[in-house]
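A.B. asks: Residue-level listing of the chains:
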Amino acid sequence: MTEAILSSVTTVAEKRGNGFWSLAWQRFRDDRVGLVSLVIVAAFLVVVLLSATGLVAGNWNQEVAIHDAPPDLWGLLKPAAPAVVENAMHQEQVTPTAESIEEWKNIEAMLSATVVDPLADTLQALGADHETVAVVKEKRASLPFGGDRWGRDVLSKTIKGSQTSIIVGLSAALLATLLGTVLGALAGYYGGRIDDALNWFYNVFSAIPYLLLILAVAAVLQQRGVTTVILILGLTGWSGVFRLIRAEYIKHRGREYVQAAHAFGVPNRRILFFHILPNVFHVVLVNISILAVGFIKAEVILSYLGFGVKVDEVSWGSMLNDAQGELILGRWWELVAAGGAMALLVTAFSLLTDAMRDAMDPKIQKAS
Amino acid sequence: MTAYIIRRLLQMIPTMLGVVLLLFVLFNWVGGDPAYILAGKMSNEAQIANIRHQLGVDQPAYVQIGIFLKQIVTADFGSSWSTNEPVSDILKTRLGPSLTVMAPLMVLGTLLAIALSLVVARLRRSLTDRTVMVACTVGMSVSILVYIIVFQYVFAYRLGWFPVQGWGDSLWTNLTTFAVLPILIGLCVGLAPDLRLYRSFVLDEIDQDYVRTARAKGLSEMRILWIHVLRNASIPIVTCVMSSLPALLVGSFLIERFFSIPGIGREVLLAVERSDFPVIKAIAVYVAFATMFANLAADLIYKAVDPRVELK
Amino acid sequence: MRLRWDGLKGRAVRRLSMKAMLLSLAWLIFSLAASTEAAPLKVLRMAFQTAETGFDPPRVSDLYSNTVNEAIFERLLTYDYLARPARLIPMTATALPEITDGGKTYTFHLRPGIRFSPDPAFGGKPRELTAADYVYSFKRALDPKLRSPWAFMLEGKIIGLDALAEAAKKSGKYDYDAEVEGLKTPDRYTLQIRLREPDYNFSYIAAHTPFSAVAREVVEKYGDDTMAHPVGTGPYVLKQWTRGARIVLEKNSEYRGRVWDFAASEDGDEELVREMQGKRLPLIDRVEISIIEEEQSAWLAFNRKELDFGGVGSFREQVFDEKKELKPEWRAQGVKLSRAIAPEVTYTFFNFRDPVVGGFSKEKRALRRAIIMAYNRDEEIDVIRKGQAILATMPIPVGVVGHDSRYQPLNAYNPALANKLLDAYGFKKGKNGFRAMPDGTPLLLKFATGTTALERQFNELWKKAMDSIGVRIEFQPGKFADFIKASQACQLQMWGAAWTADYPDGDNFMQLLYGPNTNQSNHGCYESKAFDAFYEASRKLPDSPERNRLFLEMTRQMEVDGAWALGLSRESNTLIRPWVLGYKKHPILSATWVYLDIDTEKAPTKAEAP
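Protein chains in written order, with the numbering used here: chain E, 1 to 368; chain F, 369 to 680; chain P, 681 to 1290.
Possibly wrong hints are sitting among the right ones.
[As the list claims (entries may be wrong)] Distance windows between CB atoms, simulated:
| no. | chain 1 | residue 1 | chain 2 | residue 2 | range |
| --- | --- | --- | --- | --- | --- |
| 1 | P | 1258 | E | 139 | 38 to 44 Å |
| 2 | E | 220 | F | 665 | 28 to 34 Å |
| 3 | F | 456 | P | 1113 | 38 to 44 Å |
| 4 | F | 393 | P | 729 | 30 to 36 Å |
| 5 | P | 1119 | E | 178 | 42 to 48 Å |
| 6 | F | 389 | E | 267 | 33 to 39 Å |
| 7 | P | 965 | F | 456 | 50 to 56 Å |
| 8 | P | 965 | F | 594 | 56 to 62 Å |
| 9 | E | 167 | F | 499 | 46 to 52 Å |
| 10 | F | 442 | E | 220 | 25 to 31 Å |
| 11 | E | 269 | F | 369 | 38 to 44 Å |
| 12 | F | 499 | E | 220 | 41 to 47 Å |
[To be verified] Over the 12 Å line for every Cβ pair with chain F, so calculated as not near, a few chain E residues:
| no. | residue |
| --- | --- |
| 13 | 117 |
| 14 | 118 |
| 15 | 254 |
Keep in mind the hints are simulated off the structure, nothing from the lab. Ideal Cβ positions, reconstructed from N, Cα and C, are used throughout, including at glycine.
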């Protein structure tokens, strides 16, 4: 899919120095949609930074409101009055009658005679016997963006979730692109046996159904958490990049500047990563953003399959899955918050990618 | 040509071997011990050993891989470990429902995407183009999970336009009642990426010299677009469509689960959950074959449409 | 779909010519007349939450396959539909068994004239059920080739049967013709079962669906494919089966029939009795079961009247008012609610061989009991179970023989006390706010967990609980099979499990804590001499006050040792459409449609069903 978009870019991206990038930036500045997208994406990145440093949404895990607190946008201006929530203890379902209390006393006496409790004395000393706990907490009755089933703030969760989701998307995209680029470069540049071996590996990898691959890799990785999600997505998502980069390197290895570098005795390693790579770097760049968008969406599916982030972490995927059955109950806010934030970011990111691609494609400029 | 096809077919053998090896490693070593699932709620060592023996998972790895290879050659994967249903039956019965949803989705999606891409490419940079593209981008940015939940609730439950879930026995009922909403959801999610892609293919062609020549000759804009441009843009489009064909087989497990469609995607999830290795193996092998043949077909079509392409 | 159909019809009619209209009118009158002659079909539409596996009784262990088997096959005994706690009644036997020899010999007399449903395997001849069929079926459960998940219920019980299985493991052939001393048929209709040890629970085994009568001809004809060819003597036959999607059952034409005759035992039963008493079963002509995995899909389908039963599950706000009664809009529709506590208990076990939480030292007892006291089950019930569960106070749940509602648990929710207890035994808090072991080594709990959304919610609650006492907890995700394997090898530190009664007797639950069941069902590898002594004493007794006392002692012992964090018993709330008559959730029986009727006048027409 993606290679086709990119092929249009690469055809024109041969001779270029600094002029190419500054020209691209000039073109980009004229693209209003692109600029707006850039601002939105940048805003999200700022949010990620703020939340990663704990400046905002640090307390997302706290139960600040009652269970399933409804949203109340006015609350932004005027916080709702706290509701007193008694952490009700309904240990005893039926109120015991005097008779049953008496009976229980007899049974208890019988039990303590036959069953030895080594901790009995300690517990006695700690005053365990008749202490009843009634925790009274003050909680808010509503929140600006509503609360989840535990009474956690959906807004904080969405912010914290954007941190996780964006980091997952970007890191996994970087990982996949790195893998794909290195393998693709090696295969494309050296050809021969190396190419055969890597191509074989690529074929095997892409022949196995993606769903099975994900389930299998997830089973191998066991431990869950953000890192695992990144690994699952990154390790299974590199094949597209591999094909593209390999094709690019095959094209470039015959070019004059590569031949010349050879003649000067520049080592292969240098040619690979310092001579050719800058010339195909725009492909890599566009690819990272396309993959990032895909992975942010894929994280939702991973969460659905139960391979999402840990319980003390939150992501858009985990929020959407938590909120799955709540729409029917009229509790739309978590679904809307997470789904909306994701849609906004992904839209902006995709449009930004388009703008980037257009900016790096002088053909389009010429035509209009 | 024949030599090329033969060589490509031969190349499939090492790929298949790789698939076998990878599958075996992934699922036999880390995929959970099926014996403990089959043993039920209470089991002891002797029972587990007995079950492992019955399944043949107590044999050395090379024997098991040998059996696996034999199964591929004979196309007989035995029976499911958990339900005892012959694997061939599982594939036969689950493929239909998956295809009932995915095939119309594919055809509709491709046709719509092509038509729209020609229209918007012609109006490039106009307000219409921009609006359609941004709308499409927004459309594809919403998670499929959100689409399913919201559409099922609104269109099926609230408005009652479609059944909430279910599957019938006749192809016609399935196509006209049960598959409609799933296809609609599929279009929402899948149309935009296709459209964006095809638009870029069309844009590549629309600036070519032959288009200018055709215009100079006074050919109608419609003719230029639908005949000349489309023919040339169809090469990458065909490649794209071919490469997404194997996905038809697995279907979308999310859609299948929410709408209770007895398709392959749901079966894959179930099989992995139950560590039902025969089913996993069979589905993976068939999809692998489908992928390889689709790739070969794509290359051949490429050649047929554009004789300049050299097959090597 | 109804809307759409009507629309189409309307358009079609307008286009018809006069003649065609008259013709169609005539046809309409004719078909109306015809339809009044035949009684409308009584069709029940229901859903299963997970896919079935197949219909060979001893081979399947999942609830839903068992449910279908329950209606197709018959046991010697079954349960009274209304009696609570559940009570055994005869099914194919003429009466409850004669138990002699101090609980070691069971004699059943079969009703003559019971027939299997017709099948090609019988060569077109009627096939009568005899005592030999039960001998064959019991033997079958231990056939190593069959790898029955229910073998454990018979293993070590019937004289001579284990030897047969042993011999088969060596020779590779299970000899069904061999005489087994403990399984005798003195005549065609008499079955005599002799046990190695006294066992007062064997009658329950005779009522257990996996030990239903199957016919040898059928098994031998279909060989490996028995899962798809259920042939029994029960009221229903399998009509159509699309695996994992749709199961259709229809009345068994050969079924001898049975009269609905049960006495009320609880409030509200009178109405059922009035509706159903004296009717000849089965009454439902056709049962259509769809497999609907997603809760949302099933709930919406019930709301759209595509299903006759609806599980309330997560959707309590839509169903209950503040007092947990049906909301008026449901009552206005005539929808009924059936509420019952499941005979099950959830629990989280500690591995007694684990270096961190295991062992019987005072410190480790204190640690375990503090962990138990920190977990807020009320919140689990309220938030996760949506108010539809009750606290478990004993390992034996409500409604099961041996449960004592007076018992008050020792380790009730009390995080303040839990903290004090940990302080007292030297689990000191470090700088990071988390406690260390008394010897200064780090304290980290490893909790096994699956990958479902529900399990994620439990983990959230456990994390909260452990944070409240400063104990670090980590969740180890994995597959069910791997956890079973690890726990049987005593390598799983903590895991949440649930046990549903196979039969309504306390023994079925207490065996989960019996020392020698380690590596089997005792997943916590809890080996307490005191507990085992109580348990062994209870095995020798029939249901009696002495045995109940032992159950109490076992419970207290388990609590003192901190073996389990007891969880809860779920409450099932089922909504029933008004045309379904006679429904009441049974604790053990699950194929309740056998006892139901449908009021065809209230039922929606099936016109839209293609």
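A.B. asks: Does each hint hold? Answer for all of them.
C.D. replies: Okay, the hints, checked on the actual structure:
1. For residue 1258 of chain P and residue 139 of chain E, the Cβ-Cβ distance of about 40 Å falls inside the hinted range of 38 to 44 Å, so the restraint holds.
2. Range check, residue 220 of chain E to residue 665 of chain F: about 33 Å between beta-carbon atoms, so the 28 to 34 Å window is met.
3. Between residue 456 of chain F and residue 1113 of chain P the beta carbon distance is about 59 Å. The supplied range of 38 to 44 Å is therefore violated.
4. The beta-carbon spacing between residue 393 of chain F and residue 729 of chain P, approximately 33 Å, falls within the hinted interval of 30 to 36 Å.
5. Between residue 1119 of chain P and residue 178 of chain E the CB atoms are about 45 Å apart, so this pair conforms to the stated range of 42 to 48 Å.
6. About 35 Å separates the C-beta atoms of residue 389 of chain F and residue 267 of chain E, a value consistent with the hinted range of 33 to 39 Å.
7. At roughly 34 Å, the beta-carbon separation of residue 965 of chain P and residue 456 of chain F lies outside the given 50 to 56 Å, and the hint is violated.
8. The hinted window of 56 to 62 Å between residue 965 of chain P and residue 594 of chain F holds, with their beta carbons roughly 58 Å apart.
9. Checked against the hint of 46 to 52 Å, the C-beta distance between residue 167 of chain E and residue 499 of chain F comes to roughly 32 Å, which is inconsistent with it.
10. Distance hint check: the CB atoms of residue 442 of chain F and residue 220 of chain E are about 30 Å apart, consistent with the given range 25 to 31 Å.
11. Checked against the hint of 38 to 44 Å, the pair residue 269 of chain E and residue 369 of chain F passes, with Cβ atoms roughly 40 Å apart.
12. For the pair residue 499 of chain F and residue 220 of chain E, the supplied restraint of 41 to 47 Å holds, since their beta-carbon distance comes to about 45 Å.
13. For residue 117 of chain E, the shortest C-beta to C-beta distance to chain F comes to about 30 Å, beyond the 12 Å cut-off, and the non-interface label holds.
14. The beta carbon of residue 118 of chain E sits about 31 Å from the closest Cβ of chain F, which is more than 12 Å, so the claim that it is off the interface holds.
15. In this structure residue 254 of chain E is separated from chain F by more than 12 Å, as the shortest Cβ-Cβ distance comes to about 15 Å.
Against the hints set out earlier in the document, violations occur for numbers 3, 7 and 9.
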